[in-house]
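Enquirer: This is what each chain is made of:
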Amino acid sequence: MAILPTLRAFLAAQPPALLAGLAGVVILLGVAGLVATVLTALRPDKSYLELRQRIASWWVMVALLAGALLAGWQATVVVFALISFMALREFLSLAPIRREDRPAILAAYLVLVAAYGFIAADRYMFYLVFIPVWAFLGLPFLMAMLGQTRGFLTTAATFHWGLVTCVYNLGFAAFLMRAPDAERLPAGAAGLVFFLLLVTEFNDVAQYVFGKLFGRRKIAPTVSPNKTWEGFLGGWLATGLLIWFLGPVFTPLAGLGLAVVAVTLPVAGFAGDVTMSAVKRDIGVKDTSHAIPGHGGVLDRADSLTFTAPLYFHLLALFALSKF
Amino acid sequence: MRWLRFLLLILVARPLALFMTGADVTGRERLPLKGPAIVAANHSSHVDTLLLLAIFPSRALARVRPAAAADYFLKDPVIGWFSRHAIGIVPVARLKAGQRPSGVDEDVLAPARAALAAGDIVVVFPEGTRGDGANDKAGDGMGQLKSGVARLAEAFPDAPVIPVWIQGAGRVLPKGETIPVPLNCAVLVGEPLAWSGERPAFMAKLRAALLALKEQAPPLRWS
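For the record, the sequence lines run as chains W and C.
Numbering of the first sequence is given in the numbering used here, commencing with residue 1 and proceeding in unit increments.
Numbering of the second sequence is given in the numbering used here, commencing with residue 1 and proceeding in unit increments.
Take these hints with a grain of salt, some might be off.
[Said to hold, decoys possible] Just a few of them, taken from the derived set where beta-carbon distance is under 7 Å, the chain C residues facing chain W:
#: 1; residue: I87
#: 2; residue: V181
#: 3; residue: N184
[To be verified] Some but not every residue of chain W turned toward chain C, in silico, with C-beta under 8 Å:
#: 4; residue: V285
#: 5; residue: S289
#: 6; residue: A291
Simulated from the structure, these hints should not be mistaken for laboratory data.
Glycine included, every Cβ here is placed at the ideal spot set by N, Cα and C.
Could you put together the complete structure from these sequences and hints?
Expert: Structure, rendered in structure tokens:
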């Protein structure tokens with residue numbers, strides 16, 4: 001089998017907008033890498049190791065996600081299931097958990113498998129209620145049968161918080177892949193997911209950059225001392241404009257729907273970041289793990305996504321997608 | 001046989017350790033790549049051995065030999081064969097106090113000495129058994145350390161002793177449990193210790209090094 005024609009046919013079958021978007025990300029990362037190299041050469045006294053680690057990790061994440069998006073919904077569901085698994089494992093490892101809860105931890109992973117099973121089976125209604133209703137009731141019941149009542153309510157809440165953020169909310173990103181072609185999507189279902197990831201991560205970076213450049217007034221001093229009003233507002237504006245101008249390229253959104261996403265999504269990203277910071281501060285760690293060099297843990301990278309994914313999904317469902 | 005072990009470690013042990021524990025290693029560059037060297041870690045679970053075998057770079061793997069209790073791992077012929085050839089254990093005869101005839105004392109470490117003499121990296125668990133808090137007399141999360149590691153260091157004064165703290169393996173698979181549960185484990189590799197010329201002082205130094213690594217580990221909220 002000739003590799004080149006197969007590859008050409010594979011790429012020709014992809015929506016051109018998606019390929020252009022991915023190419024744009026690759027160029028952006030290339031520029032970032034170039035800047036880091038130049039900085040390292042110009043200022044040998046300063047260490048840019050973390051910056052270079054960060055960019056190297058971005059390459060890995062982009063390659064993994066781009067590969068999955070191009071390969072189709074099956075691969076994307078598997079990749080998001082793995083992301084959810086790593087995030088949930090980080091969460092349960094740091095949260096206060098009782099010795100007796102080991103079977104409940106195992107059950108939480110089974111809930112993850114079932115939830116992603118519903119995505120794979122394209123059972124939207126099952127997915128919608130499974131974690132918020134049935135896992136919400138079932139896990140505490142299992143914990144009650146395990147017989148330990150010390151710290152029961154706290155532990156039940158901990159499990160549920162972890163499952164909803166790490167599995168249920170992130171799963172919505174994967175569920176977008178099940179949007180049918182009949183929805184007239186300008187860059188396919190993968191374009192929807194790509195755009196969510198692009199604007200969420202762009203928002204993270206933009207808030208960071210605006211904060212570094214102009215940040216003076218702290219916005220959440222007890223939770224996240226590095227976050228400032230200037231960073232938040234700058235990121236909001238920049239991401240809002242990006243969504244407004246690029247949204248029609250990758251999504252069926254237009255007019256009011258697009259405006260609502262442009263205004264709310266950057267706020268949701270900020271909210272996810274700050275809320276997860278509060279959790280980390282409560283637990284007493286800075287990073288949830290060292291799984292992604294330069295970034296911290298999976299949950300450190302995906303914290304804003306746990307808020308933006310369900311918001312984006314529901315706004316798409318409300319304004320544009322008739323299936324959901 | 002060596003190839004089978006290598007493939008088993010690369011294709012089974014590593015993905016399994018990554019799946020079950022996340023293998024969050026700090027200071028991987030301090031792991032020895034050639035022997036003779038001694039790695040001394042705390043011990044709370046069988047996962048410790050799996051994790052340590054999984055984090056060594058491939059080129060060092062053939063040299064890594066975990067010391068393991070002969071009475072536990074070699075009593076069953078099938079597990080014994082697997083332990084010797086797949087895991088590559090160095091058997092250590094654990095003799096209970098009173099069972100130890102005079103003169104046998106030095107022999108229990110003979111396989112470990114032979115491995116070090118052959119240039120292997122011997123992984124030892126100085127607590128002597130998986131700790132579950134029962135042996136934790138000092139109340140610092142670590143059992144009393146047996147001095148066998150000091151005797152090995154004395155016999156090979158040029159071999160570095162690398163302290164390693166493994167946080168959280170006891171939750172993945174506690175002593176007495178059979179079903180492992182995936183939870184993150186942190187592995188903290190410390191600076192190598194050199195033989196100081198005296199056993200009690202060396203053991204105190206090793207204990208202090210392990211506890212210092214434990215201080216840097218993420219908190220274990222496990223009650």
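Enquirer: State the violated hints by number, sorted upward, taking the hints as numbered earlier in the document.
Expert: As far as the earlier hints go, only 1 is violated by this structure.
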